[in-house]
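**Q** Each chain, letter by letter, is given below.
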Amino acid sequence: SAVISQKPSRDICQRGTSLTIQCQVDSQVTMMFWYRQQPGQSLTLIATANQGSEATYESGFVIDKFPISRPNLTFSTLTVSNLSPEDSSIYLCSVGGQGGINEKLFFGSGTQLSVL
Amino acid sequence: SQQGEEDPQALSIQEGENATMNCSYKTSINNLQWYRQNSGRGLVHLILIRSNEREKHSGRLRVTLDTSKKSSSLLITASRAADTASYFCATANSGGSNYKLTFGKGTLLTVNP
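Quick mapping for you: the protein sequence lines, in order, are chains A and B. So for the first sequence, our numbering puts the first residue at 39; every next one is plus one. So for the second sequence, our numbering puts the first residue at 91; every next one is plus one.
Don't read these hints as lab results, they were simulated from the structure. Everything numeric in this text was worked out from a predicted model, so none of it was measured. Yeah, the Cβ is synthetic: ideal placement off N, Cα and C, and Gly gets one too. Among the hints, a few may not be true.
[To be verified] A short, non-exhaustive set of chain B residues, derived as facing chain A with CB atoms under 10 Å:
hint, residue
1, Arg131
2, Val134
3, Leu138
4, Thr192
5, Phe193
6, Gly194
7, Lys195
8, Gly196
[What the hints assert, rightly or not] If you want the ones that stay clear, here's a sample from chain B, every Cβ over 12 Å from chain A, calculated:
hint, residue
9, Glu105
10, Thr110
11, Glu145
12, Ser161
13, Thr167
14, Lys190
All chains should be built: construct the whole structure from the sequences, respecting the hints.
**A** So this is what it looks like as structure tokens:
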């Protein structure tokens, strides 16, 4: 199993500013994932954070808007840039289990972002 | 196409009753997973069923998988007020990237004491 510490747990930001979310894992993991959950909706994968290389973004998400850092195997950050009210969502980091392909995911407790 | 469509969208039952949630998907899968989310926070993994399995149990949870119908169901028996949460199915597509799950829209379960 993996224990994930994600912070901040919530924030209220002004339009045009940025928010950086941190995700710390208690063990080394190859891949970390960032998801967005818009109000009342399901989870949508933003990107996969790879250590030592650039993140891999899903369709509809770009690096300029969602820059990601992955400096080591236990830590990642997601920045949501140039905030607008449409960015108000819950952002979740997750990691895969070490049991092999397509095993279960462990999630952080999420960051609830509100943009005014 | 949308993977992992759950129904119903919302379900309200009395404590002690059983709750059944269904999930349909469109493409071939390696496995299907169910997650629980309390009050919009992080998700907790409940159970994973592989494409070559038909039924799996874990405590009060029972999951079935019908790959011919591309559907799965989650049964929670003897429900408790603490089971109140949103439940999501997620599919790992065969031939897809490792760990890349596609989540459904979820079922909001309310268990009334």
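**Q** It remains to establish, for every hint, whether it holds in the given structure.
**A** Checked hints:
1. Interface restraint check: arginine 131 of chain B against chain A, minimum CB-CB distance 5 Å, threshold 10 Å, status holds.
2. Interface hint status for valine 134 of chain B: upheld, as the beta-carbon distance to the closest one in chain A is roughly 7 Å, under 10 Å.
3. At about 6 Å, the closest approach between the beta carbon of leucine 138 of chain B and any beta carbon in chain A falls short of 10 Å, and the interface hint on this residue holds.
4. Because the beta carbon of threonine 192 of chain B sits about 8 Å from the nearest beta carbon in chain A, less than 10 Å, this interface hint is met.
5. Hint on phenylalanine 193 of chain B holds. Least Cβ distance to chain A is approximately 4 Å, under the 10 Å limit.
6. Proximity of glycine 194 of chain B to chain A holds as hinted, the smallest CB-CB distance being about 6 Å (cut-off 10 Å).
7. Annotation: lysine 195 of chain B was flagged as interfacial toward chain A, and the flag holds, the nearest CB pair being 5 Å apart, inside 10 Å.
8. Hint status for glycine 196 of chain B: holds, given a least beta-carbon distance of 6 Å to chain A, under 10 Å.
9. For glutamate 105 of chain B, the non-interface assignment is confirmed: its Cβ lies about 25 Å from the closest Cβ of chain A, beyond the 12 Å cut-off.
10. No beta-carbon of chain A comes within 12 Å of the beta-carbon of threonine 110 of chain B; the shortest separation is about 20 Å.
11. Under the 12 Å C-beta cut-off, the non-interface status given to glutamate 145 of chain B relative to chain A holds; the minimum distance is some 18 Å.
12. Against chain A, the non-interface label of serine 161 of chain B holds: every CB pair exceeds 12 Å, the least being about 17 Å.
13. Every CB of chain A is more than 12 Å from the CB of threonine 167 of chain B (nearest about 22 Å), matching its label as outside the interface.
14. A cut-off of 12 Å between C-beta atoms contradicts the statement that lysine 190 of chain B is not in contact with chain A; the least separation is 7 Å.
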